[in-house]
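A.B. asks: Using the hints provided, position chains B, C and D relative to the given structure of chain A.
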Amino acid sequence: MMPELGKYAETVLSAYAVSILLILGLVLISLIRARHIKRRLQEVETKAKKHG
Amino acid sequence: MGIAVSDLAVARGGIKVLEGVCFALEPGQALVLRGPNGIGKTTLLRTVAGLQPPVSGRVEMAVDNHVYAGHADGLKATLSVEENLSFWAHVFGNKDVSDALSAFQLTSLADRPAGALSAGQKRRLGLARLLVTGRPLWLLDEPTVSLDSDAVAMFAEVIRAHLSRGGAALMATHIDLGIKEASTLDLAPFRAKAPEPDDFDGVFL
Amino acid sequence: MIALLVRDLKLAMRAGGGFGLGLAFFLIVVTLVPFGVGPESALLAVIASGILWLGALLACLLSLDRIFALDWEDGSLDLLATAPLPMEAIVSVKALAHWVTTGLPLVLAAPVFGLLLNLPTNGYKPLILSLILGTPALSVIGTFGAALTVGLKRGGLLLSLLVLPLYVPTLIFGAEVARRGVAGLDNGTPMLMLAGITLGVIALLPFASAAALRVNLR
Amino acid sequence: MNSVWEYANPKKFVQTTDKVLPWVSVLSVVALVAGLIWGFFFTPDDYRQGSTVKIIYLHVPSALMAINAWLMMLVASLIWLVRRHHVSALAARAAAPVGLVMTLIALLTGAIWGQPMWGTYWAWDPRLTSFLILFLFYLGYIALWSAIENDDTAADLTSVLCLVGSVFALLSRYAVNFWNQGLHQGASLSLDKEEHVADVFYYPLLICIAGFVLLFIALVLLRTRTEIRARRMRALLARERMG
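Chains as they are written, first to last, in the numbering used here: chain A, 1 to 52; chain B, 53 to 257; chain C, 258 to 475; chain D, 476 to 718.
Pulled out of the complex, with its shape left as it was, chain A reads as follows:
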C-alpha cells in the first residue's frame, strides 16, 4: 500500500505529519470554541430574558 518514498521518506512523511497536525489542530480549536461560545451565549440569553 505504502508508496516507495526512497531516501526521502522521512522528509515527505514529516512534512505531511506536520501539516495535517496543524490543520487538524486549527479545526479542532475552532470547533471547540464554536461550541463553547454557543453554549455560553445560550446561558446568557436565557438569563437576559428572565430578567427582562
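In short, the hints are calculated from the structure, not lab data.
Be careful, since some hints might not be right.
In silico DSS-like links for lysine-lysine, alpha-carbon gap of 25 Å or less [said to hold, decoys possible]:
no.: 1; chain 1: D; residue 1: LYS486; chain 2: A; residue 2: LYS38
no.: 2; chain 1: D; residue 1: LYS487; chain 2: A; residue 2: LYS38
no.: 3; chain 1: B; residue 1: LYS245; chain 2: D; residue 2: LYS486
no.: 4; chain 1: A; residue 1: LYS49; chain 2: A; residue 2: LYS38
no.: 5; chain 1: A; residue 1: LYS7; chain 2: D; residue 2: LYS486
no.: 6; chain 1: A; residue 1: LYS50; chain 2: A; residue 2: LYS38
no.: 7; chain 1: B; residue 1: LYS245; chain 2: A; residue 2: LYS49
no.: 8; chain 1: D; residue 1: LYS494; chain 2: A; residue 2: LYS38
no.: 9; chain 1: B; residue 1: LYS174; chain 2: C; residue 2: LYS267
no.: 10; chain 1: B; residue 1: LYS147; chain 2: C; residue 2: LYS267
no.: 11; chain 1: A; residue 1: LYS50; chain 2: B; residue 2: LYS245
no.: 12; chain 1: B; residue 1: LYS174; chain 2: A; residue 2: LYS47
no.: 13; chain 1: A; residue 1: LYS50; chain 2: D; residue 2: LYS494
no.: 14; chain 1: B; residue 1: LYS147; chain 2: B; residue 2: LYS174
no.: 15; chain 1: D; residue 1: LYS486; chain 2: A; residue 2: LYS50
no.: 16; chain 1: D; residue 1: LYS494; chain 2: A; residue 2: LYS7
no.: 17; chain 1: D; residue 1: LYS487; chain 2: A; residue 2: LYS47
Covered stretches of chain C, going by a simulated chain D footprint (3 or more residues, C-beta under 8 Å) [unchecked claim]:
no.: 18; segment: 258 to 269
no.: 19; segment: 417 to 425
Cβ atoms here follow ideal geometry from the backbone N, Cα and C, with glycine treated the same way.
C.D. replies: This is chains B, C and D only, laid out in the frame that chain A set:
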C-alpha cells in the same frame, strides 16, 4: 455662534447611554447638565466636542467655535505655568496670557513649574486655558473639581464675564455656581432604553 | 504647529531622557556586538554598517511609546484634538519631534560609533547618507504604531511587534546603501528606493496615524 | 433586501451559513482527502527531486491560501471601513488565525523540503523570507485584535493596520527580492514552478488547492459565526451590567 443639539443619541463603549437629547444654546447663555454618575454627561460633552461620533441625531454649530476642557487639565509638569498657557494660546492663534493669569490669580505663580502646583492651582491653570483660546463656546466637564470655595467664586466670575461678552458655556457639574443666566438640563429622562434581548439585529443588540 | 514642535522639544530636553537615552542605548548595542561576535577587526568591518543600522532602528523603537503616551495620560491629546490643528498635522509634528530627539542624534553619533566598529573609511559617507534618508521613515512609521497602541495598558511590546515588520523595507534598503558603499559598489538604486520610501511614508502615513488616533480618542 | 449586503446582517448570516456550512465542510474534506491521497499514493517521483515532490501538494496550496487569506482580510477590512458592516470586521478577525496557520504550514513544509534539496532547513531565499515577514504581519494583526477591549475600536484599528500592512508587505516583497538577488543566481530553488509542473502532478495539485480553498471558507464561516455569537454575548453582558 450658538449651538443646537437635536435628537442626539450617544454611546459609551458601544452601548447607547443617552437618546433623544435636545437643547439649544444662544450667545450669553449657559447650560448646566445634571444627572447621576454614569448617565453619560462626559460622553455627551465629548460627542458635542467632536471627539466621538454620535450614534444618531445632530449637533449644529459653527466650526472652530468651541473649546473643550475635560477631567484632565493637559498640563506638562516640567513646563512653567506661563509656558503651559502660552503654548495653548499659540495653538489657538493668540499670544497674550496675562489676562488669563490674573483672572485666576496665577500671576505670582507664573514662573513655577506646573508640576509643583497644588491640585486646586492646577485646575485653575487648566481653566485659565479657556481664556487664552478666545473661543466663544466652552464645553466643560466637572470644571470645579478640587477647587475651594474662593476658587469656585473666581470661576463663576469668569463664566459671568464670558457670558456677558457674548460667550456661551455648556457644563457638567454638581455644584451650584450661583449664575443667574444658567439654566439646568436634567439628563435622567434621556436615559437610553435597553433594547430587547431578542433584537438580534445589525448592531447585535 | 511650531508651538507644538517647540513644546515637544522643550519637554524632551527637560525630562532629561529625550536626547540621551536613545544614544546611550545605541552605544551599548555597539559595545556589546564585539563581545558577541569576537574582536577580529576584519569581521567587524564587514558587519559594521549593518550593526549601526540595526542599533539605530532599535534605539528608535525604544522611545516610540512615549510619542503619545504622556499626552494621552495628562489629557493634552483630547485638548489637542479639539484645537484648530488638523490631526494629520499633529501626528506629523509629533513624528518630526521624535526624529529630532532620536533620529538626528543617532545620525550625528554614527560616525563615532563607526570608529568603534572599525568601519572602513569609504563607508562613512554612504552610512551617514543612508541614515539621514532612512531615520525619518523610522520615526513616521513608529508614530503610526504609537497611534495604534496609544490607549493600551501594555502597549510597549505590542508596539514593537506591529512596527518591526513595517521597518523591513527601510532597513533592507538603508543597510544595502551602506553595505554597497563599503564594498565600493554602485548604491544609486537602493538610495532612490530608500528616499522613495521615506517620502512616501511622510506623505501618506500621517493620514493613517491620524485615523488611528481619532479612533483611539473616542 | 435582495442585495449581497443582506448577508451582512448577523442574524441572516448565521441562518444562511447554517445551511451552507455543512456542505462546504463535507466538500472540503472530500477534496482534501481525494487530492492528498491521489498525490501521495498515485503520483510518480520527480526525476530530480525524488519523492519530495509530493510535498508540493501541501506547500503550494497553503502558500496560496496564506496570501489569499490576507487579501480576503484586506477586502473585509475595506468593507468594514466603508460600509460599517460588523460581520465583515468579524470575518477579517476570524480569517487571521487561519491565514497564520497556512503561512506556518507553507514555511514548515518549505523548510522540510529545503533540507534534502538545499542541504539546509533555512535559507534566506526571497520567497521564504517574504513568508516569514507575512507570518509576522499575521502575528501583529492578531495581537492587536486581542489587545483592544472595545470591539468597534479594535475593528477600526486592525482595519487600518491591515491596509497599511498590505502596502508594506508588498514593499517588503520587493525589497527582499532586491536584497537577495545575488545569492541564489541561476538555480531556481523554489518549489513553486507551476509553469513546469507536468500533468501527472498538476491534476491532484488542483484538487488539493480546491480542498484548501474550501477548507479556508469552511473555517472562516465557522469562526465568523463564533465571533458573531461572542460579540452578541459581550453585548448582552454589558447591557446587564448597565442595569
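A.B. asks: Hint by hint, note whether the structure agrees.
C.D. replies: Against the structure, the hints:
1. D:LYS486 - A:LYS38: 14 Å, holds
2. D:LYS487 - A:LYS38: 17 Å, holds
3. B:LYS245 - D:LYS486: Given pair B:LYS245, D:LYS486 holds - Cα atoms ~22 Å apart, limit 25 Å.
4. A:LYS49 - A:LYS38: 17 Å, holds
5. A:LYS7 - D:LYS486: Not OK: A:LYS7 and D:LYS486 at ~54 Å, beyond 25 Å, violated.
6. A:LYS50 - A:LYS38: At roughly 19 Å apart (the allowed maximum being 25 Å), A:LYS38 and A:LYS50 satisfy the hint.
7. B:LYS245 - A:LYS49: 15 Å, holds
8. D:LYS494 - A:LYS38: 17 Å, holds
9. B:LYS174 - C:LYS267: 20 Å, holds
10. B:LYS147 - C:LYS267: With a Cα-Cα distance of about 18 Å, the restraint between B:LYS147 and C:LYS267 holds, given a limit of 25 Å.
11. A:LYS50 - B:LYS245: The given pair, whose Cα atoms are some 17 Å apart, holds under the 25 Å limit.
12. B:LYS174 - A:LYS47: 47 Å, violated
13. A:LYS50 - D:LYS494: Cα-Cα ~30 Å, so violated.
14. B:LYS147 - B:LYS174: Cα-Cα ~21 Å, so holds.
15. D:LYS486 - A:LYS50: 22 Å, holds
16. D:LYS494 - A:LYS7: 47 Å, violated
17. D:LYS487 - A:LYS47: 24 Å, holds
18. 258 to 269: violated (count 0)
19. 417 to 425: holds (count 6)
Hints 5, 12, 13, 16 and 18 from the earlier list are contradicted by this structure; the remaining hints agree with it.
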